[in-house]
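Asks: Here's the letter readout for the chains.
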Amino acid sequence: MFTRLDYIIWIGIIVLALGGVLYYQQIDVKGQNKIEITVDGEVYDIIPLTRDMEDVSREVQGFIGTTYIEISGSRARVTYSDCPDKICVHSGWINKPGQMIVCLPNRVIVQMTSDMEQDIDLYTN
Amino acid sequence: MTKTTKLVYLALLVTFAVVIHTIESALGITLAIPGAKLGLANIITLLAILLYGFKSGMIVSVMRCAIGFLIIGNPFTFSLSLSGAVFSTGIMGLAFIFYKKGLINVLTVSILGAGAHNLAQVVIASLIIQNVELITFYLPILLLISIPTGVFTGLSATYLYKLINKNYMITQSMGDLKNETTK
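The listed protein sequences correspond, in order, to chains A and B. Be aware that the first sequence starts at 2, since it is given in the numbering used here, and climbs by one per residue. Be aware that the second sequence starts at 898, since it is given in the numbering used here, and climbs by one per residue.
Be a bit skeptical, because a hint or two may be false.
[Unchecked claim] Which chain B residues face chain A? A few, computed with CB under 8 Å, are given here:
#, residue
1, Asn971
2, Phe973
3, Tyr996
4, Leu1000
5, Asn1002
6, Ile1008
7, Ile1025
8, Ile1026
9, Val1029
10, Leu1031
11, Leu1041
12, Ile1044
13, Pro1045
Bear in mind the hints are in silico, worked out from the structure with no lab data behind them. These figures come from a predicted structure and were not determined experimentally. All residues carry an ideal CB built from backbone N, CA and C; glycine is no exception.
Build out the structure end to end from the sequences listed, making use of the hints.
Replies: The structure is reproduced here in C-alpha cells:
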C-alpha cells in the first residue's frame, strides 16, 4: 500500500523538521542574552538580561492595539494583547536565544537574542 | 443533469468546509505549538480532489476562505488562510497526479498538502511582520506537526470517500463527468 516514494517523502519531511528543531534546541546559552522587541519591522526596545535583574514590564503600541510584555528571571512572555486570536499570550515563556513570540495581527515580535550567537556547537573548528 | 448534480455536490462540499473552517477558528483549537491547527477543512478539500479532481478542489478551498472571511471578518486570518489553502491545494493537485499513477499513498498527498499549507502561512506571516527568522524558527515545528495532522485529514478523507462511493448519485455524477472530459 505504501510505496518507496512514500517512505522517501515521509522520512525527508521528518529529517528536515527534526534537524530544524534540534538546531534550535542546542544553541548555547552562555552569551549575554537580550530581549529584543520589534514593532512593524522596527526595533522598539532592547533589554539586556542579567542574572539578578528586577522584573521588567513593557507596554508596546502595535498595529491594532497594545501588547503587554513581562520579563522576569531571564525569560519573557506576553501577558496581554489586544489581538483577536491571543496566540502570543498562549505562547508562554521564552528562555533561549533564538526563541520568539510573535503577535501577527499587532505586528509585534518579542525575540531573545544573544551577543554570542556564533557560539553554537556546530562551528567547533 | 450530471453537471447540475456535480454543482450541487460541490456546493454541499463548500458548505461543509465553511462550517468546519468557522467552528475550528471560533473554538481556537491550538495544538501544543501556537499557530498550529488541525486543518480540519482540508478534509473537504482533499475529498473534493478525490471526487472531482484538482479544479474542483481549488474551487472548494477558495470559496471556503472567501465565505469564511465574510463570517469571521478578520483580514489577517483571511490572508493567511487563503495563501495556505491555494498553495496546499496546488501541491495536493500535483501529488494527486502521482497518486493516480499509483506512485504514492493518499496519506502522503494529505501530508504534502498540510506541509505546503504551513509553509505558505509562515512565509506570508514573515512578510507581514518583516522578519525572516520567523521562517527558520517556526517552520521545522510546523512541518513536524503537519505529519500527524496530515495523516488525520488523509484518513478522514479516505473513509469519507469510501462511504460516498456507495452513493449512486455521486458516483454517477463522477462517472459521467469522466466520460465528458474524454469525449
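Asks: Against the structure, test the hints numbered earlier, and report the numbers of the ones violated in rising order.
Replies: 3, 9, 13
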